[in-house]
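All residue numbers for the sequence shown refer to our numbering, where the first residue is 78 and numbers rise by one.
Read the hints as simulated data drawn from the structure, not as lab findings.
Values in this document were obtained by computation on a predicted structure and should not be read as measured data.
Backbone N, C-alpha and C define an ideal beta-carbon position, used for all residues, glycine too.
Some hints could be false.
Unchecked claim - Quick list of simulated restraints, FRET-style, between CB atoms:
1. Arg-186 - Arg-695: 43 to 53 Å
2. Val-232 - Trp-307: 12 to 22 Å
3. His-429 - Arg-749: 54 to 64 Å
4. Asp-283 - Arg-695: 32 to 42 Å
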Amino acid sequence: AIVATWWKKQPWANIAIATGIKSGRLMVIDLDCKPDKGIDGEETWRQLDEKTPDTVEVLTGGGGRHLYFTYPDNVDLKSGTNVLGPGVDIRAENGYVLVPPSLHASGKRYEWEASSDPIDGVPVAPAPLWSMNGHAKGVRPTIETINPTELLPAVKVNELRSALAFISSDDRDIWLKVGMALKSTNAGQQAYGIWTEWSQQSSKYDPRDQQKTWHSIDSSRGVSLSTIFWMAKQNGWVDPNPVVAVNTIENGVNDPVIAPIVEETVPMNLYNPPGVLKSILDYILQTAYIPQPPYALNAALSLAATVLGRRYCGETKLRTNLYIVSIGTTGSGKEHPREAIRSILDSADCDHLDGGENIASGQGLLTRVSINPSIMFQLDEFGLWMKSLQQKNSGRYNGEIMPTLMKLYTSTNTKYKGTEYANQRERPRVDLTFPCVNIHATTTGETFYSSLSSAEVVNGCLNRLLVVDTTDMPEGEERESIKDIAVPPEIIGWIEEVIKQERTRGNLKGLSDCAPIRISKSPEAHKLFVQFLRESKARRKAETNLENIYILRRMYEKADKIATICACAEDLDRLIVTKEHAEWAIQFVTYHTNRLLRLIIDRIADTPFEQSLNDFYRAITDRGERGVTVRELNRDKPFRAYPPRDRGQIVETLVKSGQISLMELKTAGRKRIAYIPVNAEEDNHHE
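Turn these sequences into a full structure, and let the hints guide you.
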């Protein structure tokens, strides 16, 4: 009777339903579309929608939609606008929604969506958990049915990839077991990314089935990572658990070698290399607008390695070719060392040793090397260049460059046989005898590391590079003016003396034999290198990270080459690797290898989600003690490039993995609540 009276008094009234606890914990997601204000809730929802169950749906008179759900008893969910993103509101506690046949201000009525009408028996579905946890305001406590994301450490990720390489993803039962094992880790998108990466190796891979199956997997089914490792072992996989290396010394006694403690202490004499290397380094620094010792030292080594070329080698016949990459921030002075090298080569009438600033094709590279057997390519923006080579539409010519460089690196004491073409008369095969190619490259950390994945490490690309990352080192101070300084005569004289020592002259094509001068080691230097080799092997055997193992493999080789360069730089008449040369070379390689191993763990990502985590963490770390507020997450780069749901998930993962924390910071004005790195939080507590 009361309701009938209401309708008699106001027959044109609309009908509303209270949301929240009063209506059985009803939650309605309201998608607003207001083109005049630039609001498109449907577009936001398309980006957000992870997996929405079929439920009751209303088409609003204003052109939007209402999706009806219920939420759990242990959740306090409040109403709010733009909660899930622009144009996506939540109506829950203290809220309401209009229902059919209410009339909108536009003159159109609210209608039940034809396939989602409750009159036809369509039930209201439970709210998808992702739509509440970490997104809706006032959700407390965290929904108990969601396990907190726990990121797998890099060591475990690489161990899993190593094991999965021995398991076929064609069999559906095995495919499901691997998926269940990975989901049991509670690693969320990281685990899903690993599963997808492995699944894509099968021709049966279906992205829709992949996602649907992942959401249906119960992580508590009792299948764990042990299942993956067991299946891999059945197919020949060897567990890379840490072991103690054992070497046999000269008297036949087994001498256990413990992997040395990894340190990053800068060697005392790092920027005081022997002989002409120091002269080259000093000349570069004296003529630089921003003196940067690491860049200058890399340039000095690259120049000396190129000049020595095919003329000298070490005891193990290793030539002096190096692929050195200097990493630094934009505007930090990376350009000057390249210019200084060109000035030195011009003054010594050796411009032919300086190759082009870009390599257009693998065959073009071989043609240039056939003309000049010992040559250096000084490449800027090396990271961008590497990334361009990996693009799917980069073309066959670009695709040949990196494999060719990798082969040339290890072909200095042998004959490199070129490509066979159908028309041998017009395009004969180019064979190279003892080519000595050097790379002196510069790049920024962002472009270099983003061009890498685990594949570049395992296939041998990265471990051929001697990477010197100066990103977190002190920056050089700009000079007010630069003086023109002539190339010191001792540098020119050394280059001329090396060229005189050449045993075989002429075009590389005409060479049938080349006998380089072999540099021997003193007993003390030999002893140091034996110990270094044993320690390097021990580190590899104790290492569980597959990428690290591959990088550690070439430590000895790089140190041996640099020791040979040091001996020639010190005295071209004596030509012996002394204890001091060995110590300097070993310390140089060890220091920069240790830095690289630390950095690639944080910077290399094989899945988009891992890359996003890295991007967010670095951006928050770069803000220092001020951190990043929630408002800045929605406004600033790189955060705003991600959809709201992804932003929330990434931040939530970083918080739960202990990498960042939401803190109230002390400021002179209003309080600032921001996400800061956990190490910065600890520093604040210590102050």
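Worksheet item: Which of the numbered hints above does this structure break?
Response: Violated: none.
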